[in-house]
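**Q** Put together the whole structure using the sequences plus the hints.
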Amino acid sequence: MSALPAKVLPQTASFRDSKPSRSEGYEPHSYSELLQAFEDLQSQYQRCAGALAAAAHDLRTPLAIVSGYIELLLSGKVGPLSEQQRTITEDIRSNTARLADLISNFLTFSALETGKLGMRFELGDLNASLSELCNLWLPRFQQKKIAFYFLLSDQITSLVFDQLRVQRVVTNLLENAFKYTPAGGTVWLASEPYLLDRRSSRKEVTDDRRRTFASTANGVRVVVADTGPGIAAEFHQEIFNDFFHMASSQDGPEGMGLGLAICRRLIHAHGGKIWVESERGAGSKFCFFLPLTPEDGD
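Position in the sequence shown (from 1) plus 170 gives the number in my numbering.
These aren't lab readings, by the way, just hints derived from the structure by calculation. Worth double-checking, as some hints may not be accurate.
Unchecked claim - Mimicking EDC-like on lysine to aspartate or glutamate, the simulated pairs with C-alpha atoms at most 16 Å apart in a straight line are:
#, residue 1, residue 2
1, K314, E345
2, K455, D367
3, K349, D295
4, K455, E362
**A** Structure representation (structure tokens):
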């Protein structure tokens, strides 16, 4: 399965073919101008996205060199650092890593927008993939004094998915949980068999029905939950939009507003679904559903 195509109105072909009749007050030159303007804007958007992606890609090499020198300094191989020098160097390392994440997010977003991000679906162990991430994240949570729990399900069998892309989604969700959960809080990562009823107008099946149909789960649900400030209901859809920023009292610089937008695109590329369950002051629970095979999705 290929990645999502560039941002093109799905009705483009029909729009071109369904020219309104003169009896409806249609003026030929207005229709042509509108169509041409649309195509020009689309072309300009693609050129800008490509140019910015190229610039971001070019930043990776000097950034990698800077990171290498920082690690060399911290290793002490070129001489000991004073306590103040080490503190400053570690701060530089932290901000360099953040810049690398921003560049990586933008490159992923650009590739998704232009349809150049290939997906690699293989039969794999989802729990093993999530466990790998837990081992990487546990020291960070411990350093901030946040309790971190991984609740895996031994009922999950092998799944057809793109391991790197799913890990990217979970990483983005854990990054948000780490950022917004205060010291002394708790973050959970969990996986479980899940029955998503796509025939229902509701987002998910009731707990009673899910227990009844537990043996017929059509996919897996992965959850990242936290005890942070929570998200008001009116933002539950908007937070997955491109470049969306929600007012926050958190200290530190904001990101590009692409993390959740990337998550949405990558999960949709699996034929899955992503959503949030939260309310202000009650923490957040981000969930995404992966079908047993990508072909089972929408």
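**Q** Is K314 close enough to E345, meaning Cα to Cα at most 16 Å?
**A** holds, 13 Å
**Q** Is the hinted pair K455 and D367 satisfied, with a Cα-Cα distance of at most 16 Å?
**A** violated, 20 Å
**Q** For the pair supplied as a hint, K349 and D295, is the alpha-carbon distance within the 16 Å limit?
**A** violated, 28 Å
**Q** Given the hinted pair K455 and E362, is their Cα-Cα distance within 16 Å?
**A** holds, 14 Å
The structure fails to meet hints 2 and 3 from the earlier list, while all remaining hints are met.
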